[in-house]
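Protein chains: 2
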Amino acid sequence: MSRGRKPVKDKILFLINEPQIDHFQLKAILMLTNTADIAEAIGEMKKNKKVQLFRLLPKSMASDVFSFLDPDEQELITENLADNEIGQIINSLFADDAADFIEEMPANVVKRVLKTATPEKRAAINQLLQYPEDSAGSIMTTEYVDLLEDETVSEAFNEIRSTGVNKETIYTCYVIRRDRLLVGTVSVKTLLFSEQNEHIGNIMDTQFIYANTGDDQETIADKFKKYGLLSMPVVDNEKRLVGIITIDDIVQVIEEENTEDFEIMHALAPSEEPYFKTSILRLARNRFLWLLILMLSATITGIIITGFEEAIMTLPVLVAFIPMLMDTGGNAGAQSSILIIRGMAIGEIELKDTLLVLWKEIRVAALCGLILCLVNFVRIYLFNGRNLILATSVTIALFGTIFLAKTTGCLLPLIAKKIKIDPAIMASPLITTIVDAASLIIYFSIAKLFFNI
Amino acid sequence: MSRGRKPVKDKILFLINEPQIDHFQLKAILMLTNTADIAEAIGEMKKNKKVQLFRLLPKSMASDVFSFLDPDEQELITENLADNEIGQIINSLFADDAADFIEEMPANVVKRVLKTATPEKRAAINQLLQYPEDSAGSIMTTEYVDLLEDETVSEAFNEIRSTGVNKETIYTCYVIRRDRLLVGTVSVKTLLFSEQNEHIGNIMDTQFIYANTGDDQETIADKFKKYGLLSMPVVDNEKRLVGIITIDDIVQVIEEENTEDFEIMHALAPSEEPYFKTSILRLARNRFLWLLILMLSATITGIIITGFEEAIMTLPVLVAFIPMLMDTGGNAGAQSSILIIRGMAIGEIELKDTLLVLWKEIRVAALCGLILCLVNFVRIYLFNGRNLILATSVTIALFGTIFLAKTTGCLLPLIAKKIKIDPAIMASPLITTIVDAASLIIYFSIAKLFFNI
Chain A
1 MSRGRKPVKD KILFLINEPQ IDHFQLKAIL MLTNTADIAE AIGEMKKNKK
51 VQLFRLLPKS MASDVFSFLD PDEQELITEN LADNEIGQII NSLFADDAAD
101 FIEEMPANVV KRVLKTATPE KRAAINQLLQ YPEDSAGSIM TTEYVDLLED
151 ETVSEAFNEI RSTGVNKETI YTCYVIRRDR LLVGTVSVKT LLFSEQNEHI
201 GNIMDTQFIY ANTGDDQETI ADKFKKYGLL SMPVVDNEKR LVGIITIDDI
251 VQVIEEENTE DFEIMHALAP SEEPYFKTSI LRLARNRFLW LLILMLSATI
301 TGIIITGFEE AIMTLPVLVA FIPMLMDTGG NAGAQSSILI IRGMAIGEIE
351 LKDTLLVLWK EIRVAALCGL ILCLVNFVRI YLFNGRNLIL ATSVTIALFG
401 TIFLAKTTGC LLPLIAKKIK IDPAIMASPL ITTIVDAASL IIYFSIAKLF
451 FNI
Chain F
1 MSRGRKPVKD KILFLINEPQ IDHFQLKAIL MLTNTADIAE AIGEMKKNKK
51 VQLFRLLPKS MASDVFSFLD PDEQELITEN LADNEIGQII NSLFADDAAD
101 FIEEMPANVV KRVLKTATPE KRAAINQLLQ YPEDSAGSIM TTEYVDLLED
151 ETVSEAFNEI RSTGVNKETI YTCYVIRRDR LLVGTVSVKT LLFSEQNEHI
201 GNIMDTQFIY ANTGDDQETI ADKFKKYGLL SMPVVDNEKR LVGIITIDDI
251 VQVIEEENTE DFEIMHALAP SEEPYFKTSI LRLARNRFLW LLILMLSATI
301 TGIIITGFEE AIMTLPVLVA FIPMLMDTGG NAGAQSSILI IRGMAIGEIE
351 LKDTLLVLWK EIRVAALCGL ILCLVNFVRI YLFNGRNLIL ATSVTIALFG
401 TIFLAKTTGC LLPLIAKKIK IDPAIMASPL ITTIVDAASL IIYFSIAKLF
451 FNI
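Protein sequence lines, in the order shown, are assigned to chains A and F. For the first sequence, this note's numbering begins at 1 and goes up steadily by one. For the second sequence, this note's numbering begins at 1 and goes up steadily by one.
These are computed hints drawn from the structure, not numbers from a lab. A couple of the hints might just be wrong.
Unchecked claim - In silico DSSO-like cross-links for lysine-lysine, where the CA-CA straight-line distance does not exceed 27 angstroms:
1) K189(A) / K121(F)
2) K121(F) / K223(A)
3) K226(F) / K277(A)
4) K239(A) / K226(A)
Model the full structure from these sequences, guided by the hints.
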């Protein structure tokens with residue numbers, strides 16, 4: 001923490017707590033104090049003093065200080081100000097700061113604040129509040145250091161020193177025109193290695209990666225990974241800087257997206273609530289629907305089996321191989337689907353690779369299938385009364401099952417991607433259900449043929 | 001997302017494929033293109049073009065582009081460059097990137113590359129290569145800014161300016177004693193906000209998080225997430241500073257660990273090779289062993305069924321419900337296991353929570369089971385000739401299966417953690433196999449009892 005600040009804050013605290021407040025001296029000090037420091041001082045005052053001090057602020061600083069306050073302090077101050085005072089603050093706040101503030105307020109405060117805002121500001125705030133969940137707009141922070149092209153390095157350092165105190169990251173600064181159009185970025189590293197009188201416009205990087213407010217957080221996380229970024233500016237449709245996203249938020253996004261994939265792949269409705277914070281009822285609800293769908297679709301497999309009742313009565317040993325066929329099919333399909341789903345998630349596999357993937361999976365299926373079938377054939381032949389026809393029909397069915405499982409397993413996620421649904425939905429449970437039905441048809445048909453049932 | 005980029009990559013590809021290459025225009029475009037995008041463009045070129053384009057890069061960009069290339073492209077380019085060109089690249093690479101590159105190269109390339117490196121770089125690379133895979137030592141870089149306690153802020157800035165140019169991160173500096181013992185950290189932010197003649201020892205943070213060279217990368221990633229770190233110092237057993245880990249490497253670690261979990265959970269031997277770079281033989285080998293183990297263990301289920309052959313011959317309709325029981329058991333088990341495995345991975349669930357988890361899963365199982373059983377009972381009763389005994393026995397077996405699947409599904413990963421094996425191994429395939437056998441025993445036993453077979 002900076003040393004220079006504490007005395008100023010302490011002085012403000014001392015002056016505001018005097019029985020007879022020296023308004024002149026206090027105002028003079030406030031004028032020279034960083035708004036973030038004032039907000040910090042307010043944070044340490046008693047309730048009635050907070051409002052009192054806020055009223056002493058010059059109009060030009062009030063909204064800036066306000067934006068640094070905690071939500072409960074913002075609420076307290078809003079409740080104690082007149083409508084025109086609130087209007088002045090809300091209209092000088094950056095729209096995104098105003099939106100962050102409003103998001104935290106109870107409904108009655110929101111109503112009063114929006115009433116006092118100019119129509120333009122009200123429109124901007126309402127727009128910010130509309131950023132969909134998981135969009136760049138919803139995860140960005142509005143705290144960053146912005147510089148102007150025609151500033152010098154030395155001016156930039158002064159600005160970082162005076163405004164950067166509470167910024168989430170000062171290591172990359174964003175260069176804007178006076179209309180907030182984003183034109184470049186410059187790192188503190190570059191500033192440190194440049195001459196003091198160099199203009200920012202000459203040393204800034206104009207080849208920066210940026211996001212639009214509406215971009216999906218998963219896409220943004222991918223860009224962070226691809227370009228090895230620590231932060232990314234977010235612009236609106238006019239390319240005006242509205243916020244930045246920092247890598248610590250991206251680490252969270254990556255983990256969230258992975259958890260969601262794990263859940264969807266295992267027949268769970270995705271949930272962002274921690275396990276122990278989720279009620280039994282909620283947990284059951286998240287699991288119930290997929291279980292029901294999959295249970296009912298497994299009924300189809302049951303109906304197929306019923307169609308082969310005669311074969312089962314004639315040769316009940318056939319039933320003994322159903323679990324082996326079903327499980328192997330399920331596992332073989334899951335292996336393929338997971339590699340494809342994961343490959344698409346980390347950008348290794350794309351839709352245009354579909355035929356390549358299919359051809360690769362066909363050969364892997366053939367190879368895996370052949371070895372498993374060999375083991376299986378020998379085992380059945382040796383341990384099931386050297387019944388050559390039984391061993392052959394189970395083995396052929398097994399090969400068909402593996403082949404079917406691997407091709408279905410790799411194609412379904414790609415098809416999902418094509419028709420723009422989440423490929424993770426096509427993971428093992430669904431593939432298992434499909435492969436089950438198909439492989440049992442193959443199995444019983446071959447058995448009927450071979451045994452002449 | 002940035003608009004200008006895709007056309008740039010396409011433009012590079014277009015220009016390099018012209019019969020008469022416009023070197024001037026191409027160089028001009030390369031100068032303005034992000035190095036990660038240039039690497040991506042190189043990835044999509046024909047072999048001879050890759051080398052051609054790489055040679056056109058300005059020296060200042062070459063090593064950066066090189067670090068983004070795939071290992072086989074790095075090999076190709078290394079083979080086609082002169083020794084002094086290789087030397088320039090290897091000496092401008094960060095030591096950790098250089099070590100990563102060398103690890104992937106065949107022996108002859110390694111020899112040639114190390115020959116061209118400066119003695120210091122060679123020493124740094126060799127040191128990094130000695131740490132076990134996935135350890136802190138293997139992912140750290142040896143390039144960082146270290147300061148001494150008795151230096152002043154102004155001396156620190158001079159040191160950053162004179163040595164920090166090529167450091168991967170200068171935003172946190174590490175404070176050491178003369179024997180390299182790590183005693184604190186200080187951010188450039190703190191330096192910027194301090195008086196020029198202040199001593200580093202007075203402003204450094206002594207409450208820093210650090211890693212030992214042998215620490216597992218997964219544990220380190222967890223610490224980055226927990227403390228919201230951007231970098232972390234790595235020390236040897238005597239607590240002497242030997243390197244730092246930066247968050248961009250941690251993002252990679254998180255993705256690697258997630259991919260590994262996905263693979264292990266789906267009966268795949270984990271592999272770090274990209275899908276398209278893995279040979280058919282290798283893919284088959286990664287899948288074969290688990291398929292075989294699970295296929296053979298499914299045989300046990302088959303043997304169990306054989307034991308109930310009499311029941312099947314008497315009442316072949318019983319077979320029709322096997323797939324539904326098996327699939328529902330598998331899915332219900334997978335749901336529980338994935339929540340527990342994931343919960344442990346992100347630190348939400350610990351071993352001491354075992355009883356809490358079990359109690360929660362029992363209640364969820366009861367709730368899910370009751371609803372599914374109700375649906376199931378009605379369905380069987382209506383569509384299977386209003387056979388009350390059949391509907392009842394299948395329903396009881398279903399409830400038992402769900403109960404068993406959910407308890408096994410939550411307990412096995414916890415047991416795995418307890419006996420220190422990877423909980424991910426206990427995911428659906430293994431649980432399915434166990435639950436299959438148990439649920440069929442329940443099913444046929446109940447059926448025999450109810451139908452007096």
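To see whether the hints hold, each was checked on the structure:
no.	hint	in the structure
1	K189(A) / K121(F)	23 angstroms, holds
2	K121(F) / K223(A)	31 angstroms, violated
3	K226(F) / K277(A)	19 angstroms, holds
4	K239(A) / K226(A)	22 angstroms, holds
Going down the numbered hints, you'll see the structure goes against just number 2.
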